[in-house]
Structure formats: C-alpha cells, structure tokens
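Spelled out from the first residue to the last, the chains are:
2 protein chains.
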Amino acid sequence: MYSIVILGSGNVATHMFQALQSSKTCSVIQVYNHKRSSLLKFENSVPLTTDISALKPADLYLICLKDDVIESTAEQIKTKAGIIAHTSGNQGLLTSPKNSGVFYPLQTFSKTSELDYSTIPFCLEANSEENLSLLKSIALSISQHQYEISTTQRQTLHLAAVFVCNFTNHLYAIGEDICLQDDIPFDILKALIKETSDKVQSQSPSEVQTGPAVRNDEKTITNHLKQLNSKDYKAIYNLMTTSILKKHDKL
Amino acid sequence: MYSIVILGSGNVATHMFQALQSSKTCSVIQVYNHKRSSLLKFENSVPLTTDISALKPADLYLICLKDDVIESTAEQIKTKAGIIAHTSGNQGLLTSPKNSGVFYPLQTFSKTSELDYSTIPFCLEANSEENLSLLKSIALSISQHQYEISTTQRQTLHLAAVFVCNFTNHLYAIGEDICLQDDIPFDILKALIKETSDKVQSQSPSEVQTGPAVRNDEKTITNHLKQLNSKDYKAIYNLMTTSILKKHDKL
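Chains A and B, in that order, give the protein sequences.
If you read the first sequence in this note's numbering, its first letter stands for residue 1, the second for the next number, and so on.
If you read the second sequence in this note's numbering, its first letter stands for residue 1001, the second for the next number, and so on.
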C-alpha cells in the first residue's frame, strides 16, 4: 500500500484525493493546507493539518498547489524521505528534494463535474528511475494511461491543452451567447458539440474539418460577419477563418 | 409510409438517406443528382435518376444540395404536389413551390463518421401548419429532438454552429500541431477534449471556464506566448485570452 500526503485543497487536490482513495493500492494518509477553512471538505474522511512541519512519513507528498508556491513549499519539506512531486503542467522538476517527481494529470478539473479517473492520462517525470517507477505504480492504480514526459514536452502539452480545452470552452460560451441573443436554447447545439469532439477521438482533426472556411464559401462567411454584432466575436471569426483557410491551403 | 425523393449525393444527402431508410415510417423512393458518377454509392439500394423531370411523385422532395443551387433546383420542380424542403442552415423558405419547408439537421456530417441519428436536432420550418406537421412526423421518425425555428433563428444557429463545431475542430487541429512539433502523441489530449465537451452537456460553458485566462494568470500567459512560434497561433492565443478576460470581467 502506497501512503500519500496531499498538499492543497483546490480542484486538483480534491480530485486526486478521490482518485487515490478509491484505488486499491493507495491510501491518502493526510491532507495539508495552510488555511483550516479550506480543509473542511475533507473533514472526517482523512487526518488533516495546517502545520507543514507536522506531515506524516509517506511514500509520496503530492503538491497540488498554485504554481507560484510549489517551490517554496517543496523547500520546506525537502528533507522528507518520500518522493516530493507536483501536479503542474508548467513547473520543472523540483531541485531541492532528494527524491522529486512530476505527477501531472492532463484533465480539466471542476468542482461540479464527476470524472471517470480511469481515462485520465498521467504525465510522469522523476529524478531517478526508481522514483519514476514508483510514480508509475501509483498512477497505474488510477488509470492505464501514463506517459513519461519531459518538462519541455509537458509545457508544450499544457499550451496545447489551453487551445483544445480552455479556448474550446470559450467558443462554446460564444455559441451560447449568440443563441441566447435570438431566444434559441443552447441545448440545440449540444449534439453537435458532442459529435465534434467524438470525431477526433479516432480521426485527425485536420482531416475532418468542415464548415464555410474550409470550403472557402465566401458568401456564407460574408453573411456570418454581417450577423455578428460583437466586435470581439467578429475578430475571432475572421482570425479563425483565415487560419483554417491557410491550414488547408486555400489562401 | 412517407415517400421521399432525395436531391443530392454529398454528405448530408448520404446521411439523410441512411437515417430515413432506417426509419419505420419513411421510404426513400428515389435519389436524384445531375451527375451519374456521384450516384454510384446509392446503386442497388434505391432507384436513381439524373433527369430532374423524371422525379417520382412523393410526399417530400428533400433538397440536400449546395446553397447556391437550391433555389434554381426548387424552381424546376415547383409544380410537384409534395413538400419541397431544403436542408440548409442559411437559406430562407423557398417561395416558388406551393408546399415548401426547411428540414435542417444541426449536425456535422462527414463521409467517415457513423452517427447516432436519434440524437440529431431537426430545425423545422414550413409555409403552412399542415406542411410543418408532415415535416415533424418525418423528423420524428428519425429523432425526438425537433425545434420549430424561423429562418432568422436558423441563420443565427448556423453561425453559432461555426463557433462550437468548425472553429472548435480547428483548435483541436492547432493542439495536434503543437503536440507534433514536440513529438507528443495527440492521443494524450483526447480525454481532455472529451471531458471539455461532456461538461457543457449539463452546465453552462461560461460557468465552467478554466485555464490561465479566466484566472488572469499573467505569468503562464506570458510563457505560453513565448512558446508559440506561429504568428497566427500567437494571434489566436491573444485574442481568445482577451475575450475570456472580458467575458469574466477581468479586463
């Protein structure tokens, strides 16, 4: 049984807690956060502490904190024997601890969404083969999908994730905005949103591009630009259309 | 049993043919296209014609042709007794036929994708209550999701669909590009893509926005812009980030 201390109490910490607690080979033995109030949601399910000098001995200290406090937190616990790993897409491997690693779950975590943890890809990195192997075993207890990924590759992945997740969600929000302006329920778009993401599960997105831009259908493009009231949405429409035209050698 | 003649042989025509043929209350009795070669895929499954004056009597003539030939095609068959309907998101109700309608399936149709037709939302419009009611019955034989939508609303929906489908797919393609530049398999992003679209099936996209923009995480945004080599992708990153900041009152 791998013993794990989680540092943090945000969305990533909460989901990692749930995922690890439900695995058969891991046990979260403590959750730390400097603010007592943030730990309330874990109450009665695991020992808690607000004192970083009171962390229990564990195989893994999983730092699920904001990027800008990861290093300073690791510094404070660097003498621990267990692996000190963070869950960030951007930060490099920690240099102060003897045993360090990265345990980056490539997923979007919200308070309200229930997740199937077994589909999460884990991007792993460690400062030794032995540490990597232990991180692999722990990740494997949650999901079959694990990748050994360097810091540079992880930063690239995080950037790509912003495009396919954060920007995509904003396009959904724009779609909702446009619908609501004309009293159309956003529900009508949901099957289309699902199919668009389903399609690229088995096919390359550049091969399944549809719509007026890739057809170079100037009449529809002109009409759409006329329909848009928002200057910002118009700019996004123009830029995305030009980018699609270029990618498909139509410009 | 409703008898239907399909005009066209592209993706929409092919999917509508399959959807209608597998329904219990509809029968596609003929497919028309002016080019014989385009009809080959329907051979042996339905009577075919390249002669528009040889269309059989039917309850519905479903024009699944490009926007710019819909009206001229309808003009040629305007004396038919059945309803003449098109499947376009942009075109208004046809004015020349006595019985006219719109039968717009709001979905992205590719050659290679198998679709669950029962989830497709049909946006319907007709020039009489009787014609609307017949279109409803036919749509109902495929899917439970049908909406009475005006031409203006349909054009708005088509515009919104470009954002949530075509532009979203292009963001996936950019994500793939970014990954491949660093030898990372696009596969790692697939769970994230799925979860991003799953989340808005039950929640409003503006309420589940995540990422550096909505957090106003300037350090990460600056790093991401440095990582991007492509001028176009940099412009898209900037514009989408600004748009998210504005929508969430961070700017």
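Worth flagging that the hints you see were computed from the coordinates, not collected in a lab.
Warning: the hint list may mix true and false statements.
To be verified - With beta-carbon atoms standing in for the labels, derived distance ranges: (1) B/Gln1203 x A/Thr152: 31 to 37 Å; (2) A/Ser118 x B/Ser1096: 20 to 26 Å; (3) B/Glu1129 x A/Asn216: 20 to 26 Å; (4) A/Lys41 x B/Gln1203: 18 to 24 Å; (5) B/Pro1047 x A/Ser204: 33 to 39 Å.
No experiment lies behind these values; they were computed from the predicted model shown.
Even for Gly, the Cβ is constructed at its ideal location relative to N, Cα and C.
Do the hints match the structure? See the list:
For the pair B/Gln1203 and A/Thr152, the supplied restraint of 31 to 37 Å holds, since their beta-carbon distance comes to about 34 Å. A beta carbon spacing of about 57 Å between A/Ser118 and B/Ser1096 contradicts the range 20 to 26 Å that was offered as a hint. The hinted window of 20 to 26 Å between B/Glu1129 and A/Asn216 is violated, with their beta carbons roughly 39 Å apart. A hinted range of 18 to 24 Å for the beta carbons of A/Lys41 and B/Gln1203 is consistent with their spacing of about 20 Å.
Distance hint for B/Pro1047 and A/Ser204: a CB-CB separation of about 37 Å, consistent with the stated range 33 to 39 Å.
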